[in-house]
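Participant: Each chain, written out:
Number of protein chains: 2
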Amino acid sequence: MYLDRIKNPSLWAKVVSAESAAQLIKDGMTVGMSGFTRAGEAKAVPMALAERARHDPVGITLITGASLGNDLDRTLGEAGVIKRRMPFQADPGLRKLINDGKVMFVDQHLSETVEMLRSGQIGPIDVAIVEAVAIKENGEIVPTTSVGNSATFALLANKIIVELNIGHSASLEGLHDIYIPTRRPYREPIPVTSPQSRAGLPFIPVDISRIAAIVITDRPDSCASVSDPDEGTAAIAGHLTEFLGYEVNKGRLGLSLAPLQAGIGSIANAVMHGFIDSRFNNLSMYSEVLQDSTFDLFDSGKLTFASGSSITLSQAKMDVLKNLERYKSRLILRPQEISNHPEVIRRLGLIAINTALEADLYGNVNSTHVSGTHMMNGVGGSGDFARNAYLSVFVTKSMAKDGRISSIVPMVTHVDHCEHDVDLIVTEHGLADLRGLAPRERAPLIIENCVDPSYRALLSDYFKDALKLGGQTPHVLDKAFFMHAAYRDSGSMLPQLAKPKAKAAVAA
Amino acid sequence: MYLDRIKNPSLWAKVVSAESAAQLIKDGMTVGMSGFTRAGEAKAVPMALAERARHDPVGITLITGASLGNDLDRTLGEAGVIKRRMPFQADPGLRKLINDGKVMFVDQHLSETVEMLRSGQIGPIDVAIVEAVAIKENGEIVPTTSVGNSATFALLANKIIVELNIGHSASLEGLHDIYIPTRRPYREPIPVTSPQSRAGLPFIPVDISRIAAIVITDRPDSCASVSDPDEGTAAIAGHLTEFLGYEVNKGRLGLSLAPLQAGIGSIANAVMHGFIDSRFNNLSMYSEVLQDSTFDLFDSGKLTFASGSSITLSQAKMDVLKNLERYKSRLILRPQEISNHPEVIRRLGLIAINTALEADLYGNVNSTHVSGTHMMNGVGGSGDFARNAYLSVFVTKSMAKDGRISSIVPMVTHVDHCEHDVDLIVTEHGLADLRGLAPRERAPLIIENCVDPSYRALLSDYFKDALKLGGQTPHVLDKAFFMHAAYRDSGSMLPQLAKPKAKAAVAA
Ligand SMILES: CC(C)(COP(=O)(O)OP(=O)(O)OC[C@H]1O[C@@H](n2cnc3c(N)ncnc32)[C@H](O)[C@@H]1OP(=O)(O)O)[C@@H](O)C(=O)NCCC(=O)NCCS
Ligand SMILES: CC(C)(COP(=O)(O)OP(=O)(O)OC[C@H]1O[C@@H](n2cnc3c(N)ncnc32)[C@H](O)[C@@H]1OP(=O)(O)O)[C@@H](O)C(=O)NCCC(=O)NCCS
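Residue numbers (numbering that gives the first Met the number 0), protein chains in the order written: chain A, 0 to 507; chain B, 0 to 507.
In case anyone wonders, no lab produced these hints; they're calculated from the structure. Note that the structure is a prediction, hence the values are computed from the model and not measured. Any given hint could be a false lead.
You can't tell identical chains apart in this list, so a pair holds if it fits in one copy or across any two.
What the hints assert, rightly or not - Using 25 Å as the maximum straight-line C-alpha spacing, the simulated PhoX-like pairs for lysine-lysine come out as follows:
hint, residue 1, residue 2
1, K13, K316
2, K25, K400
3, K82, K101
4, K498, K25
5, K498, K135
6, K400, K13
7, K463, K95
8, K95, K400
9, K463, K101
10, K463, K82
11, K498, K396
Given the sequences, and given the hints that come with them, work out the whole structure.
Facilitator: Here it is as structure tokens:
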């Protein structure tokens, strides 16, 4: 029974099928949909929309919090429903459509999308589709496993479709803290001064008359596929915890460090796991997505509090959501505008740990574009955190594709994070502490500490040649991408691993 | 007489010559010095230090607010005093030393230097040298025409040298608002909610016992050399005011727009002048440096209030400082940490106008590195503002060096501001509104609206070739810098203007 989750009986008549709710979405509309890193996305209505598009073509601008689970981005993309997508995605199927120029992808800092919507610079939102665990007396929506941009979508939308997901535990209620910054020019400081701060309401306070449809579903969130820590990720975690221990010894940090942010993915997860066996304690998190490691850190007694915008778990950890009461007093889920807000990140002084695709000799980082052209996922929140953190850490394995790609290159082919926003680069070989260094000082340190030994000669030769031409940031422009060109032409940045010509042509 | 400017008689005995104060600075020290965009820098002591270095070599790390006047960066650089310099400079002589690798230049976002100092990530400050207009009863220092990083330097330094500049009008007192963020993890919101907000004290509250020397000088600030608006800068100003008028019509802005920030230099100054004859009114500024145009806007009745970190005037406008009482109630000078703070910039929702050296087809901007290698000035505050503004505008003339350089290139050779941080690009030819657009949509717009007609074919051919290779951000990596290579090899990006080989070799 679901009616006990819709507190206001006048809304019961709004319960309709996913198919009929999907009819509210017309060709050309802008749709704001819940969902952040595969957690808490609306599920039934977008599926029905993809189904409808088979016989009744419909194209929309889809704005979400971040990536979606349940293969929704692929399904909607392949059905031709997504014409324009922002601010993030992480789906191989949609990625292909984007890179083929069939979907216009507007990659954005995750804290900024709703600022632009609110001020009318993008949008307006025609329909919001928000997954909820309950609808309260006055129409207030209680989100599920993520908040993302849902609150602003619901507040701005012409019409709201609520997907009431009865598969989610009702105990999610009370977890959320919905704070929306006041209107400019009357905007007040955001009253969040620690990960624990509660600043808003535990629900989205929408105008009940704009709830146009309610759809009932019980479809679960997708699980995250987190690979187990391996030797490489363990070494990265080791270098970082050793460094932080050194900072503690220097008196720059206490044993509780500073609130931690960790990006999604296996390396970040491994790094967070690395804290379990460390001497640090009373740790806290002020992050975007809370992964398995957050709950392992709680269980180990190391972590006291975690603030995020979503909870994304692997299959093995899914029971956390069933036992939520155990963690609930130590958790808050916030709008991504607040979890990622420059104001709060700078105030709290975070240690931010994000993953690079590639970094260059001078500390510039590419997190998004393979070979400078092909989108992987998007910049996500990495820019919000890296720019404003107390300590901005980028982790990456020193090589990809079985050693045929070096993650450290002469010049990155795309810059998401400029040298000013990168304090540490960590690979399995070691760590380069770039704080207070000029570019010419950064390069030898990165080569020595972070580059795989097999690539060191290539990179130091480049640096030597570049030095001859001078400058604050020495480069040989004609050769800046020579390693990328070698990979494209021969299948390897390292000449020794180059494939015979014929094979390479097939690979490319 | 200067003694009336040192309110506490116990300090009178600290008055010494510049030479003997300079003796407090030892080889290897880190010195924090006042000065921001050629305003309010200490003058006598650094000159004495350069003099001393002739026979007694001394090398220091010099940290300032921003650029210095009175040729100090050149003089200190050429005397071999500056070994390491942060966070900004704008001096041709020092620039050469930096690009030759003789001075290590650490280019930083201007809001971040004192955060790093305060947390011990750089520094410590051995000696602070701060220009003052007065020293009060308990040793409180009243700065002159800039605040910059002076307050934090003075609060953190082991020893303080005050340069009492009796050439500055005593009426500067009361202009400053010194607010220092509270210590993490107890940091509170910064109580600045409008350009008018006063949050701190009108002086720097130092421990009187750390004032080690007082030096008397009357040397004036250097004047800014602002070129008069020309056809090009007037056209840029025209496009921007027209656009803002359109935003007003759309209801996205009111006639008082939003607090304005304008970078230094002729284009920014011309753009600000453009507001004088506009229909906008009740304008306000929340900027770094207040230039001539600020006072012309006051005089025209268009501007109600201006907040900055320094006042930098041309020769023609120098009398503003003599008639300060006329403007004082409408002015505040703040530490650059506050004028440039992400928290405040985001809260106020600024319109930020900064200058690009070059921009690329996708909206990435290079503000610092000529040909990707040679430092011009530094990123300054442009990153603080562009990332956090409501509307981030980059202006540039479409060409430099008499048309031999196009300021729009296929790929910028250095990225200071990534595509996410650039909303508008404006040249004399027109304006590209990039908000909500994917990279593939940005390129044709920029080519059509911003590129000089003589370069359009080169750039659209590149874009066409790039599209064949696909991707979110199409590029032909092997050709990405072909225009820069042409300029290097032939003296021109445009084949028609290429010089005969011999001449080009000389020019390079
Ligand atoms: C950078 C990012 C793509 C790394 O993802 P990850 O899953 O941790 O890293 P992996 O090492 O598994 O690499 C992912 C893929 O990129 C490939 N790759 C890694 N480095 C590469 C490089 N330099 N060049 C080309 N491909 C590379 C890997 O081989 C792998 O390919 P596969 O999927 O075909 O196996 C990811 O962290 C991201 O999207 N970041 C941007 C968003 C962000 O930081 N958000 C912040 C908080 S959520
Ligand atoms: C970008 C910046 C250098 C432009 O300065 P400006 O004085 O307004 O611009 P100008 O057009 O006069 O250009 C300055 C010089 O660069 C040259 N230049 C301009 N564009 C160029 C390009 N694309 N390639 C090579 N040189 C270029 C000009 O020819 C000129 O050279 P000159 O000094 O030999 O005459 C300056 O704004 C800056 O340093 N910005 C970064 C800091 C900042 O934005 N701070 C923010 C607030 S203060």
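Participant: It remains to establish, for every hint, whether it holds in the given structure.
Facilitator: Tested hints:
1. Proximity of K13 to K316 under the C-alpha cut-off of 25 Å is found in neither arrangement, the shortest distances being 35 Å within a copy and 68 Å between copies.
2. Taking the shortest Cα distances, K25 and K400 never come within 25 Å of each other, neither inside one copy (43 Å) nor across copies (52 Å).
3. When the C-alpha separation of K82 and K101 is checked against a cutoff of 25 Å, the pair qualifies only within one copy, where the shortest distance is 7 Å, while the shortest distance between copies is 53 Å.
4. In the homo-oligomer, the alpha carbons of K498 and K25 never lie at most 25 Å apart, since the shortest distance is 50 Å inside one protomer and 58 Å across protomers.
5. In this assembly of identical chains, K498 and K135 lie within 25 Å of each other by CA distance neither inside one copy nor across copies; the values are 63 Å within and 75 Å between.
6. In this assembly of identical chains, K400 and K13 lie within 25 Å of each other by CA distance neither inside one copy nor across copies; the values are 52 Å within and 66 Å between.
7. Proximity of K463 and K95 under a CA criterion of 25 Å is satisfied inter-copy only: 20 Å between copies versus 39 Å inside one chain copy.
8. Taking identical chains as interchangeable, the C-alpha atoms of K95 and K400 lie at most 25 Å apart only when both belong to the same chain, with a minimum of 19 Å there against 42 Å between chains.
9. In this homomeric assembly, K463 and K101 come within 25 Å of each other (Cα to Cα) only across copies, at 16 Å, whereas the closest approach inside a single copy is 43 Å.
10. Only between protomers do K463 and K82 lie at most 25 Å apart by alpha-carbon distance; the minimum there is 22 Å, versus 47 Å within a single protomer.
11. In the homo-oligomer, the alpha carbons of K498 and K396 lie at most 25 Å apart inside one protomer (23 Å), although the nearest pairing across protomers, at 47 Å, exceeds that limit.
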